[in-house]
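Enquirer: Those protein sequence lines, which keep their order, are chains G and Y.
Position 121, counted from 1, in the first sequence is what our numbering calls 383; the numbers after and before it change by one each time, with no gaps.
Position 272, counted from 1, in the second sequence is what our numbering calls 534; the numbers after and before it change by one each time, with no gaps.
Mixed in with the good hints there might be a few duds.
If several chains are the same, the list does not tell them apart, and a pair holds so long as it fits within one copy or across any two.
Result set (DMTMM-like, lysine to aspartate or glutamate): computed pairs, CA atoms no more than 25 Å apart in a straight line [to be verified]: (1) LYS455 to ASP333; (2) LYS281 to GLU329; (3) LYS479 to GLU326; (4) LYS357 to GLU434; (5) LYS520 to ASP343; (6) LYS449 to GLU414.
If you're looking for bench data, these hints aren't it; they were derived computationally from the structure.
There are 2 protein chains.
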Amino acid sequence: MKIIIDAMGGDNAPLEIVKGALLGMEHWGVEVLLTGDTEAILRALRDCGHDTIPRGMEIVHTTETVEMCDDPSKVFRHKKDTSMGVGLTLLRDGKADALVSAGSTGALLAGATLITKRIRGIRRAAMAPVIPTTGGKAVLIDCGANAECTPEYLMQFAYLGSFYAGRVLGLERPRVGLLNIGAEDSKGTDLQKQTLALLRKAGEEGHLNFIGNIEAKEAIKGGCDVIVTDGFSGNILLKTMEGVGSFAGHALGDIFRKNLLTKLAAAMVMPGLRAFKAQLDPNKVGGTAFIGISRPVIKAHGSSNAEAIDNAIGQARQVAESGIIGQIQENVHLMQLQAE
Amino acid sequence: MKIIIDAMGGDNAPLEIVKGALLGMEHWGVEVLLTGDTEAILRALRDCGHDTIPRGMEIVHTTETVEMCDDPSKVFRHKKDTSMGVGLTLLRDGKADALVSAGSTGALLAGATLITKRIRGIRRAAMAPVIPTTGGKAVLIDCGANAECTPEYLMQFAYLGSFYAGRVLGLERPRVGLLNIGAEDSKGTDLQKQTLALLRKAGEEGHLNFIGNIEAKEAIKGGCDVIVTDGFSGNILLKTMEGVGSFAGHALGDIFRKNLLTKLAAAMVMPGLRAFKAQLDPNKVGGTAFIGISRPVIKAHGSSNAEAIDNAIGQARQVAESGIIGQIQENVHLMQLQAE
Numbered sequence: 263m264k265i266i267i268d269a270m271g272g273d274n275a276p277l278e279i280v281k282g283a284l285l286g287m288e289h290w291g292v293e294v295l296l297t298g299d300t301e302a303i304l305r306a307l308r309d310c311g312h313d314t315i316p317r318g319m320e321i322v323h324t325t326e327t328v329e330m331c332d333d334p335s336k337v338f339r340h341k342k343d344t345s346m347g348v349g350l351t352l353l354r355d356g357k358a359d360a361l362v363s364a365g366s367t368g369a370l371l372a373g374a375t376l377i378t379k380r381i382r383g384i385r386r387a388a389m390a391p392v393i394p395t396t397g398g399k400a401v402l403i404d405c406g407a408n409a410e411c412t413p414e415y416l417m418q419f420a421y422l423g424s425f426y427a428g429r430v431l432g433l434e435r436p437r438v439g440l441l442n443i444g445a446e447d448s449k450g451t452d453l454q455k456q457t458l459a460l461l462r463k464a465g466e467e468g469h470l471n472f473i474g475n476i477e478a479k480e481a482i483k484g485g486c487d488v489i490v491t492d493g494f495s496g497n498i499l500l501k502t503m504e505g506v507g508s509f510a511g512h513a514l515g516d517i518f519r520k521n522l523l524t525k526l527a528a529a530m531v532m533p534g535l536r537a538f539k540a541q542l543d544p545n546k547v548g549g550t551a552f553i554g555i556s557r558p559v560i561k562a563h564g565s566s567n568a569e570a571i572d573n574a575i576g577q578a579r580q581v582a583e584s585g586i587i588g589q590i591q592e593n594v595h596l597m598q599l600q601a602e
Numbered sequence: 263m264k265i266i267i268d269a270m271g272g273d274n275a276p277l278e279i280v281k282g283a284l285l286g287m288e289h290w291g292v293e294v295l296l297t298g299d300t301e302a303i304l305r306a307l308r309d310c311g312h313d314t315i316p317r318g319m320e321i322v323h324t325t326e327t328v329e330m331c332d333d334p335s336k337v338f339r340h341k342k343d344t345s346m347g348v349g350l351t352l353l354r355d356g357k358a359d360a361l362v363s364a365g366s367t368g369a370l371l372a373g374a375t376l377i378t379k380r381i382r383g384i385r386r387a388a389m390a391p392v393i394p395t396t397g398g399k400a401v402l403i404d405c406g407a408n409a410e411c412t413p414e415y416l417m418q419f420a421y422l423g424s425f426y427a428g429r430v431l432g433l434e435r436p437r438v439g440l441l442n443i444g445a446e447d448s449k450g451t452d453l454q455k456q457t458l459a460l461l462r463k464a465g466e467e468g469h470l471n472f473i474g475n476i477e478a479k480e481a482i483k484g485g486c487d488v489i490v491t492d493g494f495s496g497n498i499l500l501k502t503m504e505g506v507g508s509f510a511g512h513a514l515g516d517i518f519r520k521n522l523l524t525k526l527a528a529a530m531v532m533p534g535l536r537a538f539k540a541q542l543d544p545n546k547v548g549g550t551a552f553i554g555i556s557r558p559v560i561k562a563h564g565s566s567n568a569e570a571i572d573n574a575i576g577q578a579r580q581v582a583e584s585g586i587i588g589q590i591q592e593n594v595h596l597m598q599l600q601a602e
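Excised from the complex, chain G in its bound form (with noise of 0.2 Å):
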């Protein structure tokens, strides 16, 4: 298994790119194909204590690199030679198996659309993050690929994220419940009352199991499996819990910093504070996957650091492996209102 690694993207590009590309290949069995500026990459391999290109690892020169001022409309077009776009035209071509880019969002979303192509039959590619719920996790999808929708989109991204949970979560028959401002039938907009009836059927033929509406706080409290929304709401939900679990952060770093007594009970709290906080962090969570893209395309956070890089390698391999590419093709008919 081979993964090709952005090593240009990113805010800590390329050194932790690098160093999470070396801890990955070890901690998952990997070769990894690094694409960006050679002598940079030799660079941070030297300040990783390797003098030469290790075993396992390739790289392909380029010499431009996709910036986020850059429209990710064409970036493309004005930028023949970036790490990014090199990247995902090795991975067209099959020259490996996953693409791992912790680089503009926006820019690997066109370019995975643009170059790499989505699944013949899918509409629009999602971003799929898995978020921690109350005693588990979730697939949030679409989380701001595609700001407005139709409910064919949100039909398929139901499908495509039930594959997800199942083939790369590992989930039996995962609950599927579409974002809502309510349980009843009436709630929500046109999208969302055109969208509940097409997956209604759809649980009726027993392509899904599909659980109704659902509101964020029941999603967040573990009610299903599988989030389907809009990139809007979606987006939404993500930055809020973000935004939350940084609130709540400071407010307990304000009680524990109090007095001395206050901070004797961190000390004997900060392992399960620890395990808390990991569940939350960006760079333990690992990647967003883009799903509907014919290969397996792995958005990393901007500011990842080597772990982070790391731990999406791991996904990246774990996509790759898990057949839902496959699994979505073969199921594609099932996901449209009108053929092609």
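With chain G fixed as given, assemble chain Y onto it according to the hints.
Expert: Structure of chain Y alone, referenced to chain G:
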């Protein structure tokens, strides 16, 4: 100042509502007018140690109650003598200064709109809870009254929320942000893009202190004082906050219950934890104001206890005294794309 209280609305009616009314009278120096079944209210009063109707309290007898299963849009046509409907009629007729109900949100909103009526020129009333942020609080408008919105509705919500933050929360030049999935102008759906242009214009003309698009995470970190959004996304934000709060509560409970040492630690930080929890407790936060209605209407949480009703009465008094309705009427010409 007299506040109408729907004595039959909410999970704990009438006992907790009557208790809360008694607390509120003392606490806020207001008179109260209870609508509901006289016998049931008198029984509740006796349970609170009052054999007669206390001075400053008045009861208007009603024979029906709005149930959670009633269709909000039809209930007031079919049930002419509900505690909620009669209360809203008395409010419209100027018999009191504000109304508090813990009954069905949908029915209260429909009743406020159909019976008490919107302020002339306001397209839709909005629900505007005050949410905790890191180190402060913010008005979230709308949080679920209007799932489908137009740019004009959102522009109006921006003014309504800004006036609320100014008059009721006492903030000078409240910072108004448009909830979006990124800070850049190109982010979001057509709704956000068109609203952004309207709000930017209002900001340039000096009518609003508009700070642009804001992500959910930044909003919760305290990046603005008024979070403007459609009712669908606003509800997702609010319910996600509640869900993560409950999630964190469970996780902390598990951490502190682990062993004797951690239980000791819990005792040491208990005052701080209680204060933190209170910040997120709907009974302490008070109710949600319906803004855009011609008279002050406060929705208390369905599970309100006496303390929550007491807080909602305080909030009702504050809104009634604030002059916000006059301010909206004076400025409504700024908030219209087309004349009525």
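Enquirer: Under a CA distance limit of 25 Å, which applies to LYS455 and ASP333: within one copy, between copies, both, or neither?
Expert: between (34 Å within a copy, 18 Å between copies)
Enquirer: Quick one: LYS281 to GLU329, C-alpha cut-off 25 Å, is that within a copy, between copies, both, or neither?
Expert: Answer is within; shortest intra-copy Cα gap is 21 Å, inter-copy 61 Å.
Enquirer: Is it within, between, both, or neither for LYS449 and GLU414, if the alpha carbons may be no more than 25 Å apart?
Expert: Answer is both; intra-copy 19 Å and inter-copy 22 Å each pass.
Enquirer: Within a copy, between copies, both or neither: which one fits LYS520 and ASP343 at a CA-CA cutoff of 25 Å?
Expert: This pair counts as neither: shortest intra-copy Cα distance 54 Å, inter-copy 54 Å.
Enquirer: Under a CA distance limit of 25 Å, which applies to LYS479 and GLU326: within one copy, between copies, both, or neither?
Expert: This pair counts as neither: shortest intra-copy Cα distance 44 Å, inter-copy 32 Å.
Enquirer: Measure nothing new, just compare the shortest in-copy and cross-copy C-alpha distances for LYS357 and GLU434 to 25 Å and report within, between, both or neither.
Expert: neither (32 Å within a copy, 60 Å between copies)
Of the hints listed earlier, those the structure fails to meet are numbers 3, 4 and 5, in rising order.
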